[in-house]
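First to last, the protein sequences are chains A and B.
Here my numbering is used: position 73 in the first sequence is 73, and no number is missing along the way.
Here my numbering is used: position 74 in the second sequence is 74, and no number is missing along the way.
I should point out that these hints are in silico values taken from the structure, not numbers from a laboratory.
Possibly wrong hints are sitting among the right ones.
Among the chain B residues that face chain A by a calculated CB cut under 7 Å, a handful are [claimed, not checked]:
| id | residue |
| --- | --- |
| 1 | V13 |
| 2 | M17 |
| 3 | K20 |
| 4 | G89 |
| 5 | K91 |
In silico lysine to aspartate or glutamate, EDC-like type, Cα no more than 20 Å apart, as pairs [as the list claims (entries may be wrong)]:
| id | chain 1 | residue 1 | chain 2 | residue 2 |
| --- | --- | --- | --- | --- |
| 6 | B | K20 | A | E77 |
| 7 | B | K91 | A | D106 |
| 8 | A | K107 | B | E95 |
| 9 | A | K107 | B | E98 |
| 10 | A | K126 | A | E116 |
| 11 | B | K20 | A | D111 |
| 12 | B | K91 | A | D162 |
| 13 | B | K20 | A | E18 |
| 14 | B | K91 | A | E6 |
| 15 | B | K20 | A | D28 |
| 16 | B | K20 | A | E116 |
| 17 | B | K20 | A | E78 |
| 18 | B | K91 | B | D69 |
Here are some of the chain B residues that sit facing chain A, going by a computed Cβ distance under 10 Å [what the hints assert, rightly or not]:
| id | residue |
| --- | --- |
| 19 | N37 |
| 20 | P60 |
| 21 | E88 |
| 22 | S90 |
| 23 | K107 |
From the three backbone atoms N, C-alpha and C, an ideal C-beta is built for every residue, glycine too.
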Amino acid sequence: MRAKLEEILSRVTIETLEKLAFMFAFPDDGEENPPTDFKVTAIVSFTGPFSGTLVITISTEVLQELAANMLGLDDGEEITEDQRFDALKETMNVICGNLLPAIAGDKVVFDIGVPEVLPAGQQVKKGAGIPDEHELSAKVSLDLDEGQCSFLLFLAGQIPDDVGSP
Amino acid sequence: MAINILIVDDSGVMRSMILKTLRMTQVPLGDVHQAENGQKGLDLLDQQWVDLAIVDINMPVMNGEEMIDRMKENPEMKDIPVIVISTEGSKTRIERLEHKGAVFISKPFSAETVRNTINDILGLGGNDESQT
Numbered sequence: 001m002r003a004k005l006e007e008i009l010s011r012v013t014i015e016t017l018e019k020l021a022f023m024f025a026f027p028d029d030g031e032e033n034p035p036t037d038f039k040v041t042a043i044v045s046f047t048g049p050f051s052g053t054l055v056i057t058i059s060t061e062v063l064q065e066l067a068a069n070m071l072g073l074d075d076g077e078e079i080t081e082d083q084r085f086d087a088l089k090e091t092m093n094v095i096c097g098n099l100l101p102a103i104a105g106d107k108v109v110f111d112i113g114v115p116e117v118l119p120a121g122q123q124v125k126k127g128a129g130i131p132d133e134h135e136l137s138a139k140v141s142l143d144l145d146e147g148q149c150s151f152l153l154f155l156a157g158q159i160p161d162d163v164g165s166p
Numbered sequence: 001m002a003i004n005i006l007i008v009d010d011s012g013v014m015r016s017m018i019l020k021t022l023r024m025t026q027v028p029l030g031d032v033h034q035a036e037n038g039q040k041g042l043d044l045l046d047q048q049w050v051d052l053a054i055v056d057i058n059m060p061v062m063n064g065e066e067m068i069d070r071m072k073e074n075p076e077m078k079d080i081p082v083i084v085i086s087t088e089g090s091k092t093r094i095e096r097l098e099h100k101g102a103v104f105i106s107k108p109f110s111a112e113t114v115r116n117t118i119n120d121i122l123g124l125g126g127n128d129e130s131q132t
């Protein structure tokens, strides 16, 4: 189950980043990457036949590129923090919106909450941003030219046995 | 004929993306108005004539589905074509929106999809692959 969820999360995320922001991501190859000291974390929750929370942690370099590409800006053009966070929240919204039907099929209805960027330094774990009943069900790290981003998917409730079936 | 368009989305980045996409479509653009939720969209429609509304669903204050319902109740707005651009993945909800007369485009979208949908909904023709 976990491997299937991680395959779906990885595929949906890679496709979304490519179509939404023309960014090409690859599953983390396990090699050591240059350290990125500054990271931004955002979360989005959803309810439906099962509920959960999707968490992204993204390096500032990747976030800068994400926002610039979504806005169609040239190199060097200034981007405000609001624009970067708006781009990240919209990306989370699109990933979550495409992830849920990929997991549960397109007949069921989910309500996706408003994505939220967490204050710098705030940890995300069960009991701190993640409800106690949500279990870590998938973890995906992606490499991009500009750095890394990682995703955690916490789920609670009845997950379909035939995850990912049409 | 220039097409006046209203874009309603709570994300400023997404409104910019839609506007950028519209400029790539070769659809003749007139005035493009923007609003950040359904209520502000309706307020704008009270003041401005538009040929097409492009509406997100999940928005604070008033969501896109309620905005469409209000438009359909208003004789001045009920015939304005609506395109919903959303992350909605449930066929049940998409079919409900389509029954209200909206045409659905899922995010992320391509310029070609937006162009073809606008051409179809406004009867402009010109859905030629060579135009991309």
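Outcome of the hint check:
no. : hint               : result
1   : V13                : holds, 5 Å
2   : M17                : holds, 6 Å
3   : K20                : holds, 5 Å
4   : G89                : holds, 3 Å
5   : K91                : holds, 5 Å
6   : B:K20 with A:E77   : holds, 16 Å
7   : B:K91 with A:D106  : holds, 5 Å
8   : A:K107 with B:E95  : holds, 11 Å
9   : A:K107 with B:E98  : holds, 15 Å
10  : A:K126 with A:E116 : holds, 17 Å
11  : B:K20 with A:D111  : violated, 28 Å
12  : B:K91 with A:D162  : holds, 19 Å
13  : B:K20 with A:E18   : holds, 17 Å
14  : B:K91 with A:E6    : violated, 24 Å
15  : B:K20 with A:D28   : violated, 32 Å
16  : B:K20 with A:E116  : violated, 25 Å
17  : B:K20 with A:E78   : holds, 18 Å
18  : B:K91 with B:D69   : holds, 19 Å
19  : N37                : violated, 12 Å
20  : P60                : holds, 7 Å
21  : E88                : holds, 7 Å
22  : S90                : holds, 4 Å
23  : K107               : holds, 5 Å
Consistency note: the structure conflicts with the earlier hints numbered 11, 14, 15, 16 and 19.
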